[in-house]
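Asker: My request is simple: use the sequences and hints to build the entire structure.
In our numbering, the protein residues as written are 1 to 911.
Simulated from the structure, these hints should not be mistaken for lab results. Watch out, some of these pointers could steer you wrong.
[Claimed, not checked] Listed next, the in silico BS3-like pairs over lysine-lysine satisfying Cα-Cα at most 30 Å (straight line):
1. Lys372 with Lys464
2. Lys891 with Lys855
3. Lys687 with Lys576
4. Lys442 with Lys370
5. Lys411 with Lys338
6. Lys727 with Lys682
7. Lys427 with Lys411
8. Lys682 with Lys695
9. Lys727 with Lys457
10. Lys464 with Lys695
11. Lys180 with Lys457
12. Lys411 with Lys464
13. Lys727 with Lys687
[Claimed, not checked] Listed next, with one range per pair, are the computed distances between beta-carbon atoms:
14. Arg371 with Lys457: 56 to 62 Å
15. Val564 with Cys655: 27 to 33 Å
16. Ile896 with Lys580: 56 to 62 Å
17. Pro706 with Pro543: 32 to 38 Å
Each residue gets a CB set at the ideal place from its N, CA and C atoms; glycine is no exception.
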Amino acid sequence: MSDNAKMCGASSLRVAKMAHLGDFLHWQSCPQHEQTGHEGTCFPETLVRVSEGQAAALADSSPDVPGGSGKPPSHPKPSLSHFHVRPGGAMVELVEERDVGLRHYALLSPSASGATKNWLRCSSASLPCPPEEPRREVPPLDSWRALASTLILASYLTSRNGEDELFATWARRASGKTFKEGVSCLRRLLTLRASSVSAAWDLGRFKAASYDVLCQNTSARADRRRQMKGGALLCHAGSPGQATRRAPLAGLAFAECIGPDPGNFQRRPLYPNQKCLVVLARCGGLACEHIPGGRQAVLTHLRRLFRRTRRYHDIQGVELALLDHFQLDLSDMESEAKELADVLLDGIGKDAQDSQEYGAQLRLLVALLKRKSPEWWQLPGERLGGLARALRRLKRSPLACDFDAWASPDKLSREQVISCLTSCRVKGTTFPQVLSSLRHWKVTTADLPGRERTALKCALAWLKQPRVAFDSAVMLFSGLNLQASPNALSAFESEALLALGILVRTDRRALEAALQALSSDPVLSAPPAAWAWAAKALHSNGPGPLHWPAWSARFHIPMLQLDVPLRLFQKDEDLKHSVKILNSSDVVGLDAEWPPNTFGISILQFAVWHEVHIWDLQTLDPEVVRRHLPTVLFSPSIRKIGFSFRTSDWPRLGCFAGTLRSLVDLDLLWARQHPSEPVGLKGLVAKLLQKQLDKTEQCSNWAQRPLSEQQLRYAALDAHCLLQLLKAMEPSEQELLSIQVDLDQEPETCIESSDELSGVEIRVGRVEASWPIPGSRHLSGCRVSLGRYGQRQLVQGLPVSAGQRVFVICNLLSRELWGLPSQAGLLAARFADGRRALAEPPQNAELGEVLGTEKTWAPIDLTLPDNPWQRASARLSTSKGLVLLDGQPLKCAGEICSISDRGDGTSGEFT
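Answerer: See below:
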């Protein structure tokens, strides 16, 4: 060894004693150390061949280590014969990386003996210099920092109280920021099992560390991320090119995870959390050929998992997830699968000491049984009956439905199955039951009227209920072999992406089940499909898999552009010219914009085919507007086209015009043509025009002047797109006349008076239809008839059914909720226990009959403080099943009004 090396080993290191478990080693060089060096290097002088010195110097300059500066020292490193240093780079060759790691771990680990530490302190000057070896490519500084972080994490794998926070911190630091760094950290932990330092490791902590470093976060944050973002799968999802680059490293880590524990120190075997396998397989884009040992190695490990007698929480679902990902069949492990089913069935009758594990066993058992028919399993009827009773006793209705469908595939007749598929409705049964009976009767597309078209229509209809039927839709699509048609495959992928977008926002568990169902189908999961990457992009609004035609067609459609000129009218004398042009047209698109949280109106837009006129009502003289506007609105020869104009825009024009003739609202026209597909304006543009309508400026400040160019173009496009939509819908004249209306209102709308419920227009209505809102857990849409007063579309949070009579608050300002216009509200009471109940009109009350005095009230903006509804609701209450106004029963048509859910007669209030 050179003199410089001996000097560094003897005098450059000083180890601080560990005062308690949370302390870290701090290293510092002796002040009298003579500095000799090599130009251009940035390693500290304390970095010498001796392992503890190398690792300690790493910790001293690493930003990952508490107290580390993160900046390399300014003094140069001594030139040592066994170091290879590149001028100008932080690169160094060390002889024994593993020896470095183990010695550093021995210094940091609380379990290391004092004798070992003393030996390591004094051994730096006495170790012989290694023989000359060929110089190799050297690792970068970051790799040594990652090694140091992993070793410090390893020192906290012993089971001790009070270390949870430090353990979580170092799990996060050691995992790095990329999938590759997390996999490398996992492999380092797996390698350390072969060292004697792993003898004191706790199995639970090792499992937690193995999964945390792979998911790149601490346990608590990982749980929150899994709830919010769909888990590590979405965190690491990427392009096919990224998966190809990840596959070799992920395959090696997968093989090490399923391999035996290399350590033999009379301790429990240390195996990583088995969920690591799922993350590696999915995020690494693994196929069987990427794993050393191939398909046989995967099958061997799955058989091992199936043979485990006790089902730990961390492996629930791992077996089936791996089966789906590698597209393996249960027949490849028939004996193990049947043995596992027997073990799980034996545990059903026993007392559940751990409800969480017991529930996980039930889920695993039902999911396992569904993979094959009852004939394949050949299980005794009494055992299956015990499982059915256990599911009903524990009130696990989804599992019970799945099991009943599997156990009784002939519950539906062949004709009933065909009827369900033809009508696209599952009434009186369940989605799993339809699929089970379909397989039992071997129904094919040839048995359906309309053949493949009917089958595809049914699968797409099921996708519109993604939280309950996404996996069923995938199985129906695959079971009827619809993926053989390129057109059917493209249509299904497009709707499935839309359904995934809903699940990303609303239901993490359903999202995981949907991705697993898609990965199990070889055609749907084949490139260029990238479902996990698409789900990640839907959550983060990223670019997503642009190489995938289905993604580009659905989410990267071009923006709708204004291709006609717009004219802004701010001078009174110019209105006469605008009115002349508008009166010469037979159809005009009509829209308005107003400042937020106000009842006024800012601009009014008129669109004809060749241009758009914008009247600035804040700048124009109101008297001039009142003189010219009725000549356009009152003309019956001009058909005015709007979207929710009757309920949203028209009430605001009360101070300018009192009559509107020949109004056609496109939302009502669409509802008549497609009653089961409610959409808003933006959704209708996407569906009919295959363009995106940019609504960015919708909530901008329309009161400021001058209006920006973006605001003007948005306002003009909002009106002109109505003409484009009317052309695309191709309605007949009879359809237009059926929804065309004439509106009248007083130029000055009424203000609050002393009448009953003044300021609020509440009428008797009847629910014509209701439907769930895709992606929402509680909201539903409904269409309510008000007799001669027309219809209203509502989005509300109480269950209603067709034919139910309700009270409708008619003069609420229309607003868009979940992409649908909500044009009114339902009168409902709230109780102290959280229950809500609808107010019911008397049976003799006619549709459209009003509560109180028949007057025209101003529209109510619920966002404004002290609005009429707030004042009216303060006077309403309920007691003993009756609706009360100022403490007295409220009457309609001479009869007392009641509520739908009388409960125990407790009092409630209206909010």
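Asker: Against this structure, judge whether each hint is valid.
Answerer: Okay, the hints, checked on the actual structure:
1. Lys372 with Lys464: holds, 27 Å
2. Lys891 with Lys855: Measuring from Cα to Cα gives roughly 18 Å; hence the hint holds.
3. Lys687 with Lys576: violated, 38 Å
4. Lys442 with Lys370: At roughly 17 Å apart (the allowed maximum being 30 Å), Lys370 and Lys442 satisfy the hint.
5. Lys411 with Lys338: holds, 25 Å
6. Lys727 with Lys682: holds, 16 Å
7. Lys427 with Lys411: holds, 14 Å
8. Lys682 with Lys695: holds, 8 Å
9. Lys727 with Lys457: holds, 25 Å
10. Lys464 with Lys695: holds, 24 Å
11. Lys180 with Lys457: Outside the cut-off at roughly 42 Å; violated.
12. Lys411 with Lys464: This hinted pair holds, its Cα atoms lying about 25 Å apart.
13. Lys727 with Lys687: holds, 13 Å
14. Arg371 with Lys457: 56 to 62 Å: At roughly 28 Å between Cβ atoms, Lys457 and Arg371 fall outside 56 to 62 Å, so the hint is violated.
15. Val564 with Cys655: 27 to 33 Å: The hinted range 27 to 33 Å holds for Val564 and Cys655, with Cβ atoms some 30 Å apart.
16. Ile896 with Lys580: 56 to 62 Å: holds, 57 Å
17. Pro706 with Pro543: 32 to 38 Å: Holds, since Pro706 and Pro543 (Cβ atoms, about 35 Å apart) stay within the stated range.
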